[in-house]
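Peer 1: Residue numbers (numbering that gives the first Met the number 0), protein chains in the order written: chain A, 0 to 129; chain B, 0 to 129; chain C, 0 to 129; chain D, 0 to 129; chain E, 0 to 129; chain F, 0 to 129.
Don't read these hints as lab results, they were simulated from the structure.
Take these hints with a grain of salt, some might be off.
Reference excerpt, derived from the structure (chain E facing chain F, CB under 10 Å, subset only) [to be verified]:
#1 Leu52
#2 Thr61
#3 Glu94
#4 Ser100
Just so it is clear, the structure is predicted and the values come from calculations on it, not from any experiment.
In this text, a Cβ means the ideal position worked out from N, Cα and C, and glycines have one as well.
Protein chains: 6
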Amino acid sequence: MNSDRYQKGWDTLSKVNGKSGEQILAKLKEISPDMARMVIEFPFGDIYSRPGLDLKTRELLTIASLTTLGFPQGELKAHINNALNAGCTKQEILEVMIQMSVYAGFPAALNALFSAQEVFDSLAPSKKGC
Amino acid sequence: MNSDRYQKGWDTLSKVNGKSGEQILAKLKEISPDMARMVIEFPFGDIYSRPGLDLKTRELLTIASLTTLGFPQGELKAHINNALNAGCTKQEILEVMIQMSVYAGFPAALNALFSAQEVFDSLAPSKKGC
Amino acid sequence: MNSDRYQKGWDTLSKVNGKSGEQILAKLKEISPDMARMVIEFPFGDIYSRPGLDLKTRELLTIASLTTLGFPQGELKAHINNALNAGCTKQEILEVMIQMSVYAGFPAALNALFSAQEVFDSLAPSKKGC
Amino acid sequence: MNSDRYQKGWDTLSKVNGKSGEQILAKLKEISPDMARMVIEFPFGDIYSRPGLDLKTRELLTIASLTTLGFPQGELKAHINNALNAGCTKQEILEVMIQMSVYAGFPAALNALFSAQEVFDSLAPSKKGC
Amino acid sequence: MNSDRYQKGWDTLSKVNGKSGEQILAKLKEISPDMARMVIEFPFGDIYSRPGLDLKTRELLTIASLTTLGFPQGELKAHINNALNAGCTKQEILEVMIQMSVYAGFPAALNALFSAQEVFDSLAPSKKGC
Amino acid sequence: MNSDRYQKGWDTLSKVNGKSGEQILAKLKEISPDMARMVIEFPFGDIYSRPGLDLKTRELLTIASLTTLGFPQGELKAHINNALNAGCTKQEILEVMIQMSVYAGFPAALNALFSAQEVFDSLAPSKKGC
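All chains should be modelled from the sequences, with the hints used to inform the complete structure.
Peer 2: This is the structure:
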């Protein structure tokens, strides 16, 4: 059942999850309900809920990793939204991506910056100035 | 000449650089003095010196990226040292690596943890408890 | 000429190739007829025709590799079709992708699952229940 | 607590785990007991214990993924041992690596083959002929 | 200020840059003017302006690297244009990509070839025969 | 049989191959004679023997790709030797690696430079000045 891990994961996710993350989860549930459950249980229930790093730092670290991987722009956009919901500023998010040019190269950094712009452009007007 | 960027990079690097980073730089200077200069100028002079993120956060982000890449264990060890010098705790460094299991997979996370252990084991006794 | 390798490759490919693979080959022939020939000769003529592993297992292994690489979603979709034609069930294909979350991370696994859903959705109704 | 997942993971792992895997786990426990527990719980408790694919196929898929990643040669060696324990022949393991030359390139395939040779050379004489 | 590096970078870039590269730079300037400046200063001001390799060779090397990375198809298309402007023939560009099948695998090579075809198809009729 | 491709591959390889490449091939033959044959046939017989790019340029492109991949330092060292044998200067080889810092990041470039230094240091005194 693992209901504790799922509940803990859901509670953690609820603090940061935006529309983009919800859409990924809904799509995932259609193709693999087991994987949709494990995405809540392991990353959010087991990992993000651990003490030692706050949610804001965790979201910036995830943006660093996804920028480095390069291919997962859909997940990156979801975590840009999560990062904003966790209290990161737009400038902090962009700084992470700019720094990644040193370690993952300029193409990885540029692709991430373009994904950030798409997310920022899609924000409600009231959040645009953040 | 770019002496301002080099000086700024050197100042930033001096705040965090450990023995492991110094050895990499000395080795690099032998094979390519130009690259040894550019490593100071661009990553440390242009990027790490930017406002928006503190040095401690920047070192954790670099650890996330190097853990994700997987292959650069030498540079990872240098930045584990840098992170400690920037004020990160051992536990924070391990947390970053554990979180990376979600995005870069368990082998990447495990290799990083083994590099962390090597660095922690090599610390002077007075720092071992940190 | 290498006509034996080409013929052997074509015979092997014919056992599994779906519409998606044919489209990739036709597109490839336009830009580089040599490469279109070598794609038949080396992967299918030299490798997939080898004894030691059956075609079904080979297609699952290819799905594991493409899921791990992350970026080649077009080739992944072609091999999801090939795997179905080789006798793999939908559930086996999804299992491979879910397992890859351990080694290549969740974003790689999720992107693969979304590609699987696209392929499954595009199947003729008679195959949908497989 | 998650004791069920840990027990299930341990049971699954016990069917295939060799000396090489045990050493990795023991080393991991020293640096991060939490991660050593999660490596049992998630990959082996949640994933390898799932129905749908047998252990032998799962080990071959893992070898495909680790060969593709390229950098984790230590984990690859552990899973070559696991694969032999799960009933894979040496020839099947080599076939997986040879096939990966198509998707991950020749350097990735060659490095994996060299790791296989190291593992095969270290086997007890009674197993050498397998 | 770094105005010398920017000017030198701009001069180098002007020799090869096509419409596709200009669009990337304009988009980048919107989201991060600092990064748009550093893309001129470091890659083009510091690196491409160095003696030791001519611009034509440098563009082919970049195509090799971007083909190997796999994910940055937008940057790859920009550099296919740059390579043509630097005096590379279409056939040389395709040869680089075909060779990459050996080191980065067939999916990486194929994706690059498809990007090349898109760029070649978009060229003005007068250049199509090149 | 494919004896033409093997012979053509061997002829091409003989023009550039150094001790480091020979050792890799000998080791490979022990674990998989088929793969040792295919490494001659496909990369060297089919690809390097193609017209359109000279051997010197092909070796620099391979160094760009291996630097970008990051993990295959053994193969990289073999190709640094090949590149020298094909007529590349040490400075050209280093330039390729330095340029890769832009696309694959600084850790990839630095690791390649350290491998170059190892190869250069192991050269016979008469070649050291090249």
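Peer 1: Now tell me, hint by hint, if it's right for this structure.
Peer 2: Okay, the hints, checked on the actual structure:
1. Leu52: holds (5 Å)
2. Thr61: holds (6 Å)
3. Glu94: holds (4 Å)
4. Ser100: Holds - the Cβ of Ser100(E) comes within 10 Å of chain F, reaching about 7 Å at its closest.
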